[in-house]
Amino acid sequence: MSKWLTDSLSHTPRFLFWILKAQRDYGSDENKCSNDDLSLPSVGIINHQPPVITDFFAVTFEERFRQLYADLAKINIDDLSQIYHQDIEFVDPVTTHRGIEAVKGYFANLLESVDSCQFNIHFLLNTQGSGPGTYSHVVEWTMLLQLKNKPNIISVDGVSMLKVRDDKIH
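Heads up, the sequence shown is in the numbering used here, so the first residue is 2 and it goes up one at a time.
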């Protein structure tokens, strides 16, 4: 991987997704990489299927995140407290939810109308950002959503930028 790309990844977390996607999709054959074999010295990449976990505190943040989002329709709403901080600011395209109780209410309302809401996490990058207001993780995902009494599955691709401190999303 080029020195420019490595330096950019360590200093520009906002553009990580686009840089990685461009490198993956448009890099030369010798530099072309996939999500499975991407390896960068300045960031940590977790890229595996979610394990079966019974103890939320015995695993890393990344493993808990993957497990929770494997199928949101099957979670206990209180499990959101295992990855979201009590003072979470959760921003979606429509509105902002502040505090864990507001986020739990938002998820509970959304999940009433779904049979399945799975997130295939293509990669989860730890950008090692640690300052106030700094994004520390970037997630590329595909959501597969099946509404109750509807046979079609809705597929949505997306990217989330997370601020993780003390092993929880703020």
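There could be a bad hint or two in this list.
Unchecked claim - Derived pair list, reagent style DSSO-like, types lysine-lysine, alpha-carbon separation capped at 27 Å:
id : residue 1 : residue 2
1  : K75       : K149
2  : K151      : K75
3  : K164      : K105
4  : K105      : K151
If you are wondering where the hints come from, they were derived from the structure by calculation, not from laboratory data.
Each hint tested on the structure:
1. K75 <-> K149: 14 Å, holds
2. K151 <-> K75: 18 Å, holds
3. K164 <-> K105: 18 Å, holds
4. K105 <-> K151: 25 Å, holds
Hint compliance for this structure: every hint is met.
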